[in-house]
Amino acid sequence: MPLDNPSANTRKYKLVGTRPDRQDGFDKVTGRAKFGADAVAPGQLAGSILRSPHAHARIRSIDTSKAEKLAGVKAVVTRADFPDKTAGDSGLFDILTNIMARDKALYEGHAVAAVAAVSPAVAKQALKLIKVDYEVLPHVTDVDEAMKPTAPVLHPKLFTEGLAEKPKKPSNIARRYEFGHGDVEAGFAKADIIVERSFKTEATHQGYIEPHACLANVSPDGSGELWVCTQGHFMVRDYCARLLGLEISKLRVTASEIGGGFGGKTTVFLEPVALALSRKANRPVKLVMSRDEVFKCTGPTSSASIDVKIGVTKDGLITAADATLRYQGGAFPGSPAEFGAMSAFAQYHLDNVRTIAYDVVTNRPKQAAYRAPGAPMANFAVESMIEELAHKLGMAPIDFRIKNAAREGTRSSYGPVYGPIGLLATLEEARKHPHFKAPLGPNQGRGMAAGFWFNFGGQSCVSLNIPVDGTVTISVGSPDIGGSRASMCLMTAEELGIPYEHVRAIIADTSSLGYNDVTDGSRTTFATGMACILAARDAIKKLCQRAARMWGIPEEAVTWEKGYAKPAGANAGNFPPLSLKEIAAASGGTGGPIAGHHEYSADGAGVSFATHICDVEVDPETGATRIVRYTVLQDAGKAVHPSYVEGQFQGGAVQGIGWALNEEYVYGKDGRLQNAGFLDYRIPVCSDLPMIDTKILEIPNPGHPYGVRGVGETSIVPPLAAVANAVSNAVGVRMTELPISPPRLLKALDTVSLAKAS
Amino acid sequence: MSGIHVTTKINGDEVQFVCEADESLLDVLRNRLGLTGAKEGCGTGDCGACSVTVDGRLTCSCLVLGAEVDGHDIGTIEGMAMGDELHPLQKKFIEHAALQCGICTPGFLVAAKALLDHNPEPTETEIRFGLAGNLCRCTGYDKIVRAVQAAAEEMNSAKKIQQKVA
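Protein chains in written order, with this note's numbering: chain H, 17 to 774; chain A, 10 to 175.
Bound conformation, chain H alone:
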């Protein structure tokens, strides 16, 4: 695909890089925007789901007869209503098993049955009448415990993949991964200093404020409609159709406004159940999760246990780096252990590097992607060690990082050789930043970390329509979680040469466009945005054809400049330029409606790096940590709408701060989640935080006509280590377990004072 070369591009942008109001803003500040739970259908029923109270139990039988007889109940479904249509696709079978338990309940909250009734009250009453006969089994929720040979085995058919030989016995280790190059043993032999430590992080939830919700309506003729809050309605359509045996083209899925996702809405939970209930009842069915269900039944991210070993020479050159990562991903294979292993050392130029990762199953909810899945935990372990090594070397941590930083031409720890990347730029900018020189008070500490994320391209399909008044509608298939419609409009208007206000973006339903990948992998502004640019170029070609027809000259003799068709070559100056508006107004007589399209699978997503600086103040009496100052420096390639780029930096940083200081899944001995609510699972609130300073750097991505890189995920990678390093520097103890909640910090402080006393 021919692209402009942005690195050599001196293009001056008229709109890209400005900060206009988002066009969905008005609806969102007036309460008019319709989210997942806001839709209503005539005659709709209320659905409700019965969930396992046990962490691990065999389901001997389910008796729904009493519930079915209750007045007002219109449908009840259980595993019997979800026959296996997955044709050997084990990933799809796991999804089927996760949305409705089959022979066993694999975690507390696992769906066991569902009811549709005339009101939520009747549905809840019906759930109480369903009798499930459980045989409670031993459970395991900790990753290291789950890997022991004595651990209760979740899946008798799970044999570890990725080993030289297939193991003889099943276990909870789904897969082993290995990445790296060089010879780590030889590298360690050259080292003057070697440090080695183990780290642990707890599972955290994406914590989107909108619980999952959908409204399903299936007709007896097999056609269906689904309204749902999701990061990818095409994904929802395809999964649901395959799980339920529907024809894909007969299921029309509309994405509602989405109240946050962060990766957590990249799969299905309620949707196939709502469709099955609707099909059985022959009525629309609405299913909405409670917050308790969101915590217990939807994907948090993995908890992790990581060992890191790094060797350096006296003058601060890393000679070898080695890590072993163990990630539990809940009851099914698929934890982001692989991404953890790939990204752990991605910010360094290393001759000898190795990472080994294990994907482990436990009796917890199936993990879902969470912003840069797998990377923050690995980064916490590695960047903590880097800080410690710098101290040992007597080097400033930032100088040590700069000395070993990956740069253009570096062979990354996961294989590919980097093109132009922005890591050094963020580090150099950090060193110059006033934050770096600001004085610290008593009980305060400063930490930093550098982080990496891959970014993704993927499939996008865009239609652009130009009605007779010369305004433009772009139909995209990527749900807008954070203001991406504004970016799409900016890029489209830039390309066409018309005002931003003349372009409107909508999220089209699955029957109106070709397949679009989920809004994930920081792909939307990059890949769907590039599809908007290319659809605009397609429309420009057609606009030029129409102008040629209006002038009676050959098509090749027309060029497009700043929103106008102009005669070129021999005809230059023969006709006054025609504006997009004039060509559109005449379109009925020159060949009909004018539209542009683009559909593709985008390659060339540029990798992204960020450096974060964090100051904390620790209260030695309570163990509480307060963020005093925080700065994010990240490469955006090209910031299309800088306010929303800053918003991504700030939001990711604060999620990372929550992960570092407060957030964790707390399990009781019974394998039940102890803190399934926002009171006890405490995400950062406004009064916990200072302003989050940002600095956008722009090192163009050669894979995008404007140089855009994804920005959404990298910002959650460095905060865990930046905060932990700041706390460790404040108290003089290396914090190796997250979150650094007050009890953990007090324990660490006690250890120090005990050591001092003795």
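Derived by calculation from the structure, the hints in this document are not laboratory data. We put the CB at the ideal spot given by N, CA and C, even for glycine. Check before you lean on any hint, since a few could be wrong.
Non-contacting residues of chain A with respect to chain H, defined by C-beta distances greater than 10 angstroms in every case (computed) [claimed, not checked]:
id: 1; residue: L42
id: 2; residue: T62
id: 3; residue: T132
List of simulated lysine to aspartate or glutamate pairs, EDC-like, C-alpha gap at most 20 angstroms [as the list claims (entries may be wrong)]:
id: 4; chain 1: H; residue 1: K140; chain 2: A; residue 2: E29
id: 5; chain 1: H; residue 1: K557; chain 2: H; residue 2: E615
id: 6; chain 1: H; residue 1: K330; chain 2: H; residue 2: E212
id: 7; chain 1: A; residue 1: K100; chain 2: H; residue 2: D43
id: 8; chain 1: A; residue 1: K100; chain 2: H; residue 2: E517
id: 9; chain 1: H; residue 1: K144; chain 2: A; residue 2: D31
id: 10; chain 1: H; residue 1: K140; chain 2: A; residue 2: D31
id: 11; chain 1: H; residue 1: K325; chain 2: H; residue 2: E753
id: 12; chain 1: H; residue 1: K140; chain 2: A; residue 2: E32
id: 13; chain 1: A; residue 1: K100; chain 2: H; residue 2: D37
id: 14; chain 1: H; residue 1: K419; chain 2: H; residue 2: E444
Here are some chain A residues pointing at chain H (derived, C-beta under 10 angstroms) [as the list claims (entries may be wrong)]:
id: 15; residue: L44
id: 16; residue: G50
id: 17; residue: A167
Position chain A relative to chain H; hints supplied.
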């Protein structure tokens, strides 16, 4: 179960409804009255997405029963703009990119208005504590605080101009 008849005022208009004894005000607003601007993020008063005012006092509508509001004045996000003129807070939220997904926005706006009604010139710390009952997972709060500061400034300077004119 027989319904309870309730007469109340919502955004200045008299409204009557019948609800069950165990229905929250949030459920009544959303499911009976079609006012879906208030959102249910938790149902336990922890997230503030369902914020409304009851007689001018900031309240989580998920923690109040529908039956309790008989004879009281309710304010919701749907009543915040004056006709087609947005409230300064609404304008500043858009201008400052104080929302990403927007699910928490109605609650934040109702809470911020309640804050400014009581304290027209809040410090940053007062804003942060005034909004600590509302959760936002997208923004890290930075741009929300700045939007509230900008709205307060605009409202105060408008007030000063009015005072001068008077």
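Status of the hints after comparison with the structure:
1. L42: Answer for A/L42: holds, closest chain H Cβ roughly 12 angstroms.
2. T62: holds (14 angstroms)
3. T132: holds (12 angstroms)
4. H/K140 - A/E29: Distance of about 15 angstroms is within 20 angstroms: holds.
5. H/K557 - H/E615: holds (16 angstroms)
6. H/K330 - H/E212: Distance ~17 angstroms between H/K330 and H/E212 Cα, so the pair holds.
7. A/K100 - H/D43: The hint holds at about 12 angstroms.
8. A/K100 - H/E517: holds (17 angstroms)
9. H/K144 - A/D31: holds (18 angstroms)
10. H/K140 - A/D31: holds (13 angstroms)
11. H/K325 - H/E753: With a Cα-Cα distance of about 17 angstroms, the restraint between H/K325 and H/E753 holds, given a limit of 20 angstroms.
12. H/K140 - A/E32: holds (14 angstroms)
13. A/K100 - H/D37: Holds, at about 10 angstroms.
14. H/K419 - H/E444: Distance ~11 angstroms between H/K419 and H/E444 Cα, so the pair holds.
15. L44: holds (7 angstroms)
16. G50: holds (4 angstroms)
17. A167: It is violated, given that the least Cβ distance between A/A167 and chain H is near 19 angstroms, above 10 angstroms.
The structure shown violates just one earlier hint, number 17.
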